[in-house]
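Peer 1: Sequence:
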Amino acid sequence: VLVVALGYKRRNQADAALGARRSAGTDAVAAQSAPDWPAVDAAVIDAGAACTWVVFTTPYCASCSLVESDVRRAFPHHAVRLVDATEQPDLAARYQVRRAPTTLLADHDGNVLERLVGPEAVRAFIGTTEDAVLD
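According to the working numbering, the sequence shown is numbered sequentially starting from 7.
These are calculated hints, taken from the structure and not from any lab test. Note that the structure is predicted; figures quoted are calculated from it, not measured. Take these hints with a grain of salt, some might be off.
What the hints assert, rightly or not - Computed beta-carbon distance windows for the label pairs:
# : residue 1 : residue 2 : range
1 : Ser69     : Glu93     : 10 to 20 Å
2 : Pro95     : Gly133    : 28 to 38 Å
3 : His83     : Asn117    : 12 to 22 Å
4 : Pro95     : Thr134    : 26 to 36 Å
Beta carbons are placed, not taken as given, at the ideal position from N, Cα and C, and that holds for glycine.
Could you put together the complete structure from these sequences and hints?
Peer 2: Set out below in structure tokens:
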């Protein structure tokens with residue numbers, strides 16, 4: 007029961023930290039300004055989740071599966087969608103995907119909160135968010 011209570015508290019704190027980051031207009035390390043990006047299509051977003059992580063991958067991307075597992079571990083209550091940039095080039099072009107992994111964090115309405123390029127940017131975002139949650 008204690009583990010469930012701690013997990014619930016951490017999930018709510020993570021959502022609050024993400025909301026505060028968005029309200030303050032701050033960007034994560036190596037992130038690009040979110041307001042410049044179009045909303046993510048409803049077909050990609052999980053409407054039942056508070057946030058959806060969209061990870062653009064390619065068949066030859068060695069670090070894409072690591073990014074996916076890092077995000078799933080750090081934010082288990084968020085949805086994760088993998089998009090193969092070679093199979094969906096129009097969607098990849100819309101978000102100027104030039105490197106895999108490129109990762110978008112979108113709210114339940116599809117608004118892009120963060121755009122992170124490379125595994126280092128995702129890990130830095132997770133690190134700063136976890137620091138904010140634990141303080």
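Peer 1: So which of those numbered hints doesn't the model satisfy?
Peer 2: none
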